[in-house]
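K.L.:
Listed below are the residues making up each chain.
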Amino acid sequence: MPLRMIPGIFLALALLAVQPLLHAETAEQKGRAIAAESIARDSGWGDMEADMQMILRNQQGEESLREIRMQSLEQANDGDKSLTVFDKPLDVNGTAFLSFSHALGADDQWLYLPALKRVKRISSRNKSGPFMGSEFAYEDLSSFEIEKYNYKYLRDEQISGVDCFVVEQYPVDKNSGYTRRVVWNDKAEYRVQRIEFYDRKNSLLKTLDYSGYRQYLGKYWRPDRMDVVNHQTGKSTELRWTNYRFGNGLSDADFNKNSLKRAR
Amino acid sequence: MHQKLTQFILKHPVRVIVATLLLVALAVPGAQHLVFKSDYRVFFGQDNPQLNAYEAIQRIYSKSDNVAFVIAPKDGRVFTARRLEAIRKLTEDSWQIPYSTRVDSITNYQYSYADGDELIVEDLALEPRAMDAAALERVREIAVNEPLLRNKLISPRAHVTVVNTTVQLPGIYPVQEVPEVAAKVHELRDQFVALNPDLTVHLSGLVMMNNSFAEASLNDSATLVPVMFLIVILTIGLLLRTITGTLSTVLVILFSIAVTMGIAGWTGFYLTGPSASAPTMILTLAVADCIHILTTLFHEMRQGVEKRQAILDSLRINYQPIFLTSITTAIGFLSMNFSDSPPFRDLGNLVALGVMLAFVFSVTLFPALLALLPLKVKPHRARGDRMLHFADFVVRGRRWLLPATSLVMLSVMLFLPQNQLNDDFVKYFDTSVPFRQATDFMQENISGMTTMEISIDSGESGGINNPAFLRKLEQLSSWLRAQPETDHVNTLSDTLKRLNRNMHGDDPTWYRLPDSRQLAAQYLLLYEMSLPYGLDLNNQLNVDKSSTRLVATFENLTSNGQIELEQRIRHWLELNLPEYRVDIASPSLMFAHIGQRNIQSMLLGVTVALVLISLLLGIALRSVRFGLISLLPNLTPAAVGFGAWYFIDGQVGLALSVVAGMTLGIVVDDTVHFLSKYLRARRERNANPHEAVRYAFSSVGRALWITTLVLVCGFMVLAQSTFKLNADMGLLTALTILIALAIDFLFLPPLLMKLDTHPLTTKGAIEHEEAKNAA
Numbered sequence: 001m002p003l004r005m006i007p008g009i010f011l012a013l014a015l016l017a018v019q020p021l022l023h024a025e026t027a028e029q030k031g032r033a034i035a036a037e038s039i040a041r042d043s044g045w046g047d048m049e050a051d052m053q054m055i056l057r058n059q060q061g062e063e064s065l066r067e068i069r070m071q072s073l074e075q076a077n078d079g080d081k082s083l084t085v086f087d088k089p090l091d092v093n094g095t096a097f098l099s100f101s102h103a104l105g106a107d108d109q110w111l112y113l114p115a116l117k118r119v120k121r122i123s124s125r126n127k128s129g130p131f132m133g134s135e136f137a138y139e140d141l142s143s144f145e146i147e148k149y150n151y152k153y154l155r156d157e158q159i160s161g162v163d164c165f166v167v168e169q170y171p172v173d174k175n176s177g178y179t180r181r182v183v184w185n186d187k188a189e190y191r192v193q194r195i196e197f198y199d200r201k202n203s204l205l206k207t208l209d210y211s212g213y214r215q216y217l218g219k220y221w222r223p224d225r226m227d228v229v230n231h232q233t234g235k236s237t238e239l240r241w242t243n244y245r246f247g248n249g250l251s252d253a254d255f256n257k258n259s260l261k262r263a264r
Numbered sequence: 001m002h003q004k005l006t007q008f009i010l011k012h013p014v015r016v017i018v019a020t021l022l023l024v025a026l027a028v029p030g031a032q033h034l035v036f037k038s039d040y041r042v043f044f045g046q047d048n049p050q051l052n053a054y055e056a057i058q059r060i061y062s063k064s065d066n067v068a069f070v071i072a073p074k075d076g077r078v079f080t081a082r083r084l085e086a087i088r089k090l091t092e093d094s095w096q097i098p099y100s101t102r103v104d105s106i107t108n109y110q111y112s113y114a115d116g117d118e119l120i121v122e123d124l125a126l127e128p129r130a131m132d133a134a135a136l137e138r139v140r141e142i143a144v145n146e147p148l149l150r151n152k153l154i155s156p157r158a159h160v161t162v163v164n165t166t167v168q169l170p171g172i173y174p175v176q177e178v179p180e181v182a183a184k185v186h187e188l189r190d191q192f193v194a195l196n197p198d199l200t201v202h203l204s205g206l207v208m209m210n211n212s213f214a215e216a217s218l219n220d221s222a223t224l225v226p227v228m229f230l231i232v233i234l235t236i237g238l239l240l241r242t243i244t245g246t247l248s249t250v251l252v253i254l255f256s257i258a259v260t261m262g263i264a265g266w267t268g269f270y271l272t273g274p275s276a277s278a279p280t281m282i283l284t285l286a287v288a289d290c291i292h293i294l295t296t297l298f299h300e301m302r303q304g305v306e307k308r309q310a311i312l313d314s315l316r317i318n319y320q321p322i323f324l325t326s327i328t329t330a331i332g333f334l335s336m337n338f339s340d341s342p343p344f345r346d347l348g349n350l351v352a353l354g355v356m357l358a359f360v361f362s363v364t365l366f367p368a369l370l371a372l373l374p375l376k377v378k379p380h381r382a383r384g385d386r387m388l389h390f391a392d393f394v395v396r397g398r399r400w401l402l403p404a405t406s407l408v409m410l411s412v413m414l415f416l417p418q419n420q421l422n423d424d425f426v427k428y429f430d431t432s433v434p435f436r437q438a439t440d441f442m443q444e445n446i447s448g449m450t451t452m453e454i455s456i457d458s459g460e461s462g463g464i465n466n467p468a469f470l471r472k473l474e475q476l477s478s479w480l481r482a483q484p485e486t487d488h489v490n491t492l493s494d495t496l497k498r499l500n501r502n503m504h505g506d507d508p509t510w511y512r513l514p515d516s517r518q519l520a521a522q523y524l525l526l527y528e529m530s531l532p533y534g535l536d537l538n539n540q541l542n543v544d545k546s547s548t549r550l551v552a553t554f555e556n557l558t559s560n561g562q563i564e565l566e567q568r569i570r571h572w573l574e575l576n577l578p579e580y581r582v583d584i585a586s587p588s589l590m591f592a593h594i595g596q597r598n599i600q601s602m603l604l605g606v607t608v609a610l611v612l613i614s615l616l617l618g619i620a621l622r623s624v625r626f627g628l629i630s631l632l633p634n635l636t637p638a639a640v641g642f643g644a645w646y647f648i649d650g651q652v653g654l655a656l657s658v659v660a661g662m663t664l665g666i667v668v669d670d671t672v673h674f675l676s677k678y679l680r681a682r683r684e685r686n687a688n689p690h691e692a693v694r695y696a697f698s699s700v701g702r703a704l705w706i707t708t709l710v711l712v713c714g715f716m717v718l719a720q721s722t723f724k725l726n727a728d729m730g731l732l733t734a735l736t737i738l739i740a741l742a743i744d745f746l747f748l749p750p751l752l753m754k755l756d757t758h759p760l761t762t763k764g765a766i767e768h769e770e771a772k773n774a775a
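Residue numbers (the working numbering), protein chains in the order written: chain A, 1 to 264; chain B, 1 to 775.
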C-alpha cells in the first residue's frame with residue numbers, strides 16, 4: 001500500500017466514525033430546516049381573504065354545514081392576526097372572531113356576539129378543543145410558527161405519487177391536545193400534504209389530508225380541500241376553501257375590537 | 001347392532017384407546033383459539049332492540065364506556081391542597097389510559113366566569129398546590145353547588161370524589177382491549193395509593209365491570225373445576241369402591257370436556273361468563289353415564305359373571321337408557337338456542353355437544369379401559385336392601401304419599417309467580433368481587449350506576465338553540481331531578497344558563513335560559529372555542545346541533561324498577577314533549593329488558609324441548625299412556641324449584657330463565673330410568689304395579705340417587721361462583737334436580753300404582769294368572 005494513501009484512509013475512517021454522530025444531530029436539525037423552509041416559502045403574502053365551508057359528519061351518517069369568511073394579516077415576528085366571520089349556521093350569522101395568535105403562550109381572542117351586541121374577550125389557555133364542533137381543533141387552523149414545535153426528521157416517503165419529507169413535530173405548548181404530529185411536506189414546494197395527530201397517550205387520533213393545491217401570486221400555494229378523519233370516534237370534517245384573494249390592502253386597523261363589530 | 005360394537009371394543013381395547021387419543025389430540029389444539037370476550041354487549045343478540053337503540057345513540061354522540069376512580073379520603077376531606085393536587089395528577093395521568101377520549105374530574109372541570117367583558121374558562125383547580133384556605137373553600141363551594149358535578153363527581157358533603165375516564169374501545173380486539181385498559185387502571189391506582197396512603201380508591205365503571213366478567217370466570221375455572229373433579233373422584237371412589245372405575249370415569253369426563261372445548265375453539269366460539277361454565281356442567285353431567293354402566297357391571301360381577309361378559313351385559317342393558325338420557329339432556333340444553341342472549345345459546349350448544357361426546361366415550365373408551373385395567377369386586381354387602389326397604393315404605397304409604405306430595409308440590413308452586421324479575425348487572429357479582437364493592441360504595445356515597453341516556457331530536461338544524469326546545473329540556477331536567485330515584489342529571493340547559501349568567505357579569509338573576517336562539521347559538525360557539533381537548537360538548541350535541549343527549553344517573557334499581565321508571569319518563573314525555581322525537585337507551589336498560597325478553601323466548605324453547613322429549617319418551621317406552629304420565633314428574637320439578645326460589649332469593653333474571661329448559665333434559669333422565677325398569681318388570685316379568693315399583697327401586701334406585709348426588713354436588717359447586725349469574729343458575733339447577741329425585745321416588749310410584757291398574761298385555765296377564773295358579 002503506497003504511503004501517501006494512509007492519511008486518506010485515516011480521514012475516511014474518521015469520517016465514518018463521526019458520521020453517525022452527525023446523522024443523529026441532523027434528524028432534529030433537518031426536521032427544523034424543512035419546517036423553516038416551508039415557512040420561508042410562504043412568507044411575504046401580506047394579507048389574505050378566503051371563504052370556507054365545513055361539512056361535519058358522524059358515524060350515523062348525519063351531516064352539518066358551516067360557512068365562514070376569513071381575513072388574515074401576516075405578522076413579521078409573531079403569529080398572524082385573523083378575523084373570522086361566521087355566516088352559517090344562521091343562528092351564529094354575523095358572529096365575528098378576532099385572534100392575535102402568538103408563537104408561545106395564549107392567543108389574544110375576542111368574539112363579537114350580535115345577539116348580545118357586545119364584544120367579549122375570551123380568556124382561555126385552551127386551543128385544543130373542537131372548532132365549531134368539527135374535528136379540527138383551533139390549534140390545527142391557527143398560523144404555523146417555527147417556535148410552536150420541536151422537530152425531528154423521520155424519513156422520505158411518497159404519498160399519492162408525491163415525494164415527501166416526513167417530519168415529526170412536538171408541540172411546545174403544554175396545553176396542546178397532542179403529544180406529536182407527523183407532517184408530510186412535499187419535496188418540490190414544501191407544501192403540507194398530510195398531518196397525523198397523536199393524542200396525549202400517543203395513539204393516532206386523526207389524519208388530515210390536504211388536496212387541490214393552487215398557486216397564487218405566482219408564489220403562494222393554498223389547498224382547496226382539507227379532510228380530517230377522527231380514527232377514534234369515526235367522525236370526519238371536510239373543509240372546502242374558495243375565493244382566495246391576496247393583496248386586499250388590509251392593515252392592523254382592520255383587526256381590532258372596532259373592526260370586529262363592523263365585520264359581518 | 002351396539003352389541004357387536006361392544007364386542008369389537010372388548011376384542012380391541014387398545015385400538016379404541018389409541019383412536020380416542022388421536023381424536024383428543026386433533027381436537028384439543030383448537031382450545032387455544034378460545035378467548036374470553038369481556039364485554040357486557042355479548043349478552044345481547046344483534047337484533048336486540050335496546051342494544052340497537054343504544055348503539056344508535058352512541059353513533060350520533062360518542063361512546064360512554066367508562067372507568068371511575070372513586071376516591072375517599074380517610075378523614076372525609078377532599079378539598080385540601082395536597083389532595084386536590086393528587087386528584088389533578090390522577091386526572092392528568094388518566095389520559096394515558098388506553099383508548100381514553102375524555103377525563104372528567106373536579107380539578108379539570110371547565111369553570112367559566114366573567115370579569116368585566118371578559119369570559120374566563122379554566123380548570124377549576126389548575127394549580128392546587130398554590131391554593132390557600134380561602135381559595136380551597138371557594139372551589140369547594142363552586143364544586144358542590146355545580147349541577148354538573150354534584151352527586152356525579154363530588155358528593156354533596158365533599159367527602160368522596162370521582163375521576164371519570166371515558167374510553168372508546170375500538171372493538172377490533174375485544175379480547176385484549178378491556179384487559180389492556182384494566183391493567184393500566186390498576187397500575188394508576190397502585191401508584192396513586194402508594195403516594196397517597198390516606199386516600200382509599202375504588203374502581204368502578206362499565207369497563208371495570210367488563211373486566212370482572214373475565215376475572216370472575218377465570219377464578220371459577222381455577223377453583224371450582226378442581227373441586228368438582230375431587231367430588232367426582234370421592235363420590236365414585238367411596239360409593240362404588242373402585243379405583244379402575246374412578247380412573248376410567250375421570251378420563252371419560254376429561255376427554256369429553258377437552259374435545260368439546262377443542263371443537264368450540266376450532267369452530268370459532270368465544271367464551272363469556274355463562275359459556276365459560278360449560279366445562280363444570282359437562283363434568284357434572286358426564287358422570288351419570290359411567291355410574292349407570294358401573295352399577296350394573298358390579299351387580300353382574302357380584303353374581304359371579306366374568307368381567308368381559310359383565311361389561312357386555314351392562315352395556316346391553318344400559319345402552320338404550322343412557323343414549324335416551326343423553327339425547328334428552330342434549331335437547332334440554334339445545335332449548336337454550338331460543339334464548340335472546342348469545343352466551344346462553346353457546347352454553348347450551350357446548351354442553352349438548354359435551355353430553356353427546358360423553359355418551360360416545362362412555363360406550364367406547366369406557367368399556368375399553370375397563371377391559372384393559374384390573375377390576376375387582378368387593379364382597380357383596382346387602383346394599384340393595386336399603387333400597388328395597390324404601391320401596392316397601394313407598395308401596396305401603398302410597399295412599400297418603402300421593403295426596404301429601406301433591407299438596408306440598410302445589411303449595412310450593414303457588415309462590416312461583418311471586419318471584420321478581422331482576423337483572424341488576426351490578427348484582428351479577430357477589431360482594432367479594434372488587435367491582436361490586438366499588439359500585440356499592442359509590443352508590444352509598446355519591447351516585448348509583450343506573451343510567452339512562454335520553455336523546456331528544458328537535459327535528460330542525462340547530463334546533464337545540466330554540467328557546468322553546470330549551471325550555472322543554474329544562475322542564476324535563478327539573479322533572480327528572482324531582483324523581484326519588486334520581487342522583488344526577490347532565491343537561492345542556494344547565495350549561496346555557498351558566499353561560500347566560502357569565503355573559504351578564506355573573507349576575508345570579510341571569511341564571512336562566514337565553515331568550516333567543518341566536519343568543520344560545522352564539523354562547524355555545526363562544527364556549528366551545530374555549531374548551532380544551534376532550535372536554536367539548538360533542539358528547540351532548542350531534543353535529544347538526546339538532547339533537548341533544550341528556551344523561552340521567554339513578555340509584556341502583558331492580559329491572560322492574562327501571563322499566564317502571566322508563567315508562568314513567570316516556571309517559572311524561574308523551575304528555576309534555578309530544579312534538580320531539582325522543583330515544584331512551586342505556587346499558588342498564590338493556591339488562592333491565594333482557595330478563596323479560598329471555599323468559600318469553602325461553603318459554604317457546606322449553607315447549608319445543610318438552611314436545612320433543614315427550615315424543616322420544618313415548619317412543620322409547622312404547623306407550624302413549626306412560627309418555628303422558630311421565631310429563632308430570634318431568635314438568636313439576638322446575639315449577640316447584642322456581643316456587644322454592646321465592647324463599648331463597650325471590651329474584652329471577654337472565655340466568656334463571658334458562659334453568660327450566662336446562663333441567664328439563666336432566667330430570668327426564670331419572671324418570672326414564674325409573675319408568676323403563678318399571679315397564680320392563682311389568683312387561684317381561686309380568687309383575688303387578690307393586691312388584692314393578694319394587695323392581696324399579698332395587699335395580700336403579702341406587703344409581704339414581706348416586707347420580708343425583710353427583711349432579712347436585714356439581715351444580716352446588718357452580719353455585720359457589722362469584723359470578724352470580726352462574727351461581728344462581730347452579731343453585732336453582734341443583735335444587736330442581738333434588739326435587740326431581742324426590743318426585744320420582746315419592747310421587748311417581750304412588751301415581752303409577754294409582755293409575756296403572758289395567759293389565760298391560762292380555763298375554764302377560766294370562767301368564768301372570770297362570771303363574772299364580774301354578775303357585
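In short, the hints are calculated from the structure, not lab data.
Cβ atoms here follow ideal geometry from the backbone N, Cα and C, with glycine treated the same way.
Treat the hints with care, as some may be off.
[Stated by the list, open to error] Derived CB-CB ranges, DEER-like:
1) 132/B with 147/A: 21 to 27 angstroms
2) 56/B with 154/A: 37 to 43 angstroms
3) 507/B with 147/A: 39 to 45 angstroms
4) 49/A with 460/B: 28 to 34 angstroms
5) 175/B with 60/A: 49 to 55 angstroms
6) 568/B with 60/A: 49 to 55 angstroms
7) 60/A with 32/B: 34 to 40 angstroms
8) 560/B with 154/A: 42 to 48 angstroms
9) 117/A with 175/B: 30 to 36 angstroms
[Stated by the list, open to error] Which stretches of chain B does chain A cover? Using the computed rule of at least three CB atoms under 8 angstroms from a CB of chain A, they are:
10) 92-98
11) 238-250
12) 536-543
13) 677-683
K.L.:
Could you tell me which of the numbered hints above are not met by this structure, giving the numbers in increasing order?
P.N.:
1, 5, 6, 8, 9, 11 and 13
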